[in-house]
Amino acid sequence: MSKLGNIPVNAQDGKKRTNPLAGVFDELVQFCQSRSMFMLHYCTGCGAIELPPAMTSRFDMERLGIQPMVTPRQADILLVTGYVSVKTLKRVILTYEQMQSPKYVIGICSCTVNGGMYWQSYATAKVLNEYLPVDVYIAGCMPRPEAVIEGMRRLMRNIEDGKGNAWKDYFQRYDYYLGNQQHLFGNDWQTPTDIIGEARHYGLESEETYGEHTKILEQHQQPLEPYKMRIKL
Amino acid sequence: MNSTSEFVTSEFVTGNVSLADVLPQMILMPLIAFVSGLLMILMYRKIAARLQRRVGPPFFQPVYDIVKLYGKKTQISHGLIHDIGIVVAVGGYVAAVILLPIPGMDGIADKGGIITLSYVLMVPSLGLALGVGQCANPNGSIGISRALTAMLAYDIPFIIVVFGVATHYQSTSLVGMINYQQTHQWGIFEMPLLAAAGLFTLQGMMGKHPFEIYVAPAEIATGPMVEMSGKYMGGLFVMQSFQFYVASVLYASLFLGGGSNWFEFLLKIFFVVEIPIFISFLFPRYRTEDMVRIMWKWPVMIALIGIAFVM
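Note that the protein sequences, when read in sequence, are chains A and U. If you're matching positions, the first sequence starts at 1 in the working numbering and goes up one per residue. If you're matching positions, the second sequence starts at 1001 in the working numbering and goes up one per residue.
Check the hints yourself; a few may be wrong.
[Said to hold, decoys possible] Restricting the straight-line Cα-Cα distance to at most 16 Å, the calculated cross-link-like pairs of lysine to aspartate or glutamate (EDC-like) are:
no. : chain 1 : residue 1 : chain 2 : residue 2
1   : A       : Lys228    : A       : Asp194
2   : U       : Lys1231   : U       : Asp1083
3   : U       : Lys1073   : A       : Asp26
4   : U       : Lys1073   : A       : Glu198
5   : A       : Lys215    : A       : Glu150
6   : U       : Lys1073   : A       : Glu27
7   : U       : Lys1073   : A       : Asp188
8   : U       : Lys1111   : U       : Asp1021
9   : U       : Lys1073   : A       : Glu130
10  : A       : Lys228    : A       : Glu198
11  : U       : Lys1046   : A       : Asp175
12  : A       : Lys90     : A       : Glu130
Quick caveat, the hints were computed from the structure, so don't treat them as lab data. As the structure is a prediction and not an experimental result, all values here were calculated from the model.
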């Protein structure tokens, strides 16, 4: 199990920063990233019921710069609000991989932390951060909107301090996450997003990106083909 | 009309403008438009929040959003046309901004005139359509086909209004129209019917409720924007701020006499943009075919009657 908030970041940025103002600029970008978060809420379980009061007039998340977005391409935060069954987890992973970095995952409710009341269920993925790098957990069954907003503020502080780097972990230790995913879904599990290719392209790979599980993936991976356009007559 | 017959356009059209005068204006005008557009977006979100009894976003929220989107580390490009489409969409509005006179700066407004402007205003939608087309996302295709149909719907009354105003002033120069209105009377008092039809068109042009079906976040996942990530989405946010500015300045120039000084000008454009915002949070959506029907019926009818009065 990966440690939350203590993720070693060992990949180096490819290019040297020569501009003396680069540090200031990075801090500005980090500040803006923490103050503007588009949220994709994957409402799986009962925790979703706490989000409407957090977003609407009672608690109003928009004053923190958090607003709902509807597609993974535009979103920054993936909210997983409850238990994830094995089938759901596939969709969550597909969604997560389509999001653009930097991206953050928040697990709401006890079910994402340790399975909660579904501990004995055969069909539930218990610990979410074995399959995805989770930035913040908000425990509770269910957490009240105050707790949700407190969790969001924790994430904002992490991003502002430059500690919200869990998304890099997914690229750097892809083999670990892929292994856990294969354990649940079988060896022929693959997603349309080429994580290894992305890690290579953006210079985020490390030696743990590759391993026995990525070898299995390469054996089973079928190259994606563009969807054929057909007109039904 | 007799009252406008003494109005001479030739001095505005043939005015000799050197490149050294125009070039700083061509840089400054989009910047002013961008800043005012950001403030308009802030106003839009603040009014939405206050109507829903919320606090709303902080003052710099539109800036945070754009900086964040441009600061994304990974991007998904679907090809060259996807990249170019966004540039065309933003560039179309930048070109439109240079054609809109503001206090102290005319840009190339007296060279272009209102007919060029109404052509240029169609470029952003077409650029967006090009870009979205290459994404090959079904939601995007549905969204952009709806957006182009909506453009067809509001462009007919828009063109009628523009030509009605041009007929009334016997001119196609925005600079001339503004000068005339500042010395005589505002257009809204001389052609109230055209002004009403123009306000109707403005609602469609800004793409807000009740004519917002092509975005429809819950149904087709924001339509044209569905595949836009990072810098592409940032480009669209920039485009939206220009869109607010262009629509309001155009209306203020045609009917409210532009602005003789900056205070008056800003007051007018923010007032103009406020009306569609308030309307948009009071109504649900029309379907696309209903939008075409309502746009081709009421504003067209009002505008045609308005033209009959100014002829």
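Tested hints:
no., hint, result
1, A:Lys228 to A:Asp194, "violated, 21 Å"
2, U:Lys1231 to U:Asp1083, "holds, 10 Å"
3, U:Lys1073 to A:Asp26, "holds, 12 Å"
4, U:Lys1073 to A:Glu198, "holds, 11 Å"
5, A:Lys215 to A:Glu150, "violated, 41 Å"
6, U:Lys1073 to A:Glu27, "holds, 15 Å"
7, U:Lys1073 to A:Asp188, "violated, 30 Å"
8, U:Lys1111 to U:Asp1021, "holds, 14 Å"
9, U:Lys1073 to A:Glu130, "violated, 24 Å"
10, A:Lys228 to A:Glu198, "violated, 25 Å"
11, U:Lys1046 to A:Asp175, "violated, 46 Å"
12, A:Lys90 to A:Glu130, "holds, 13 Å"
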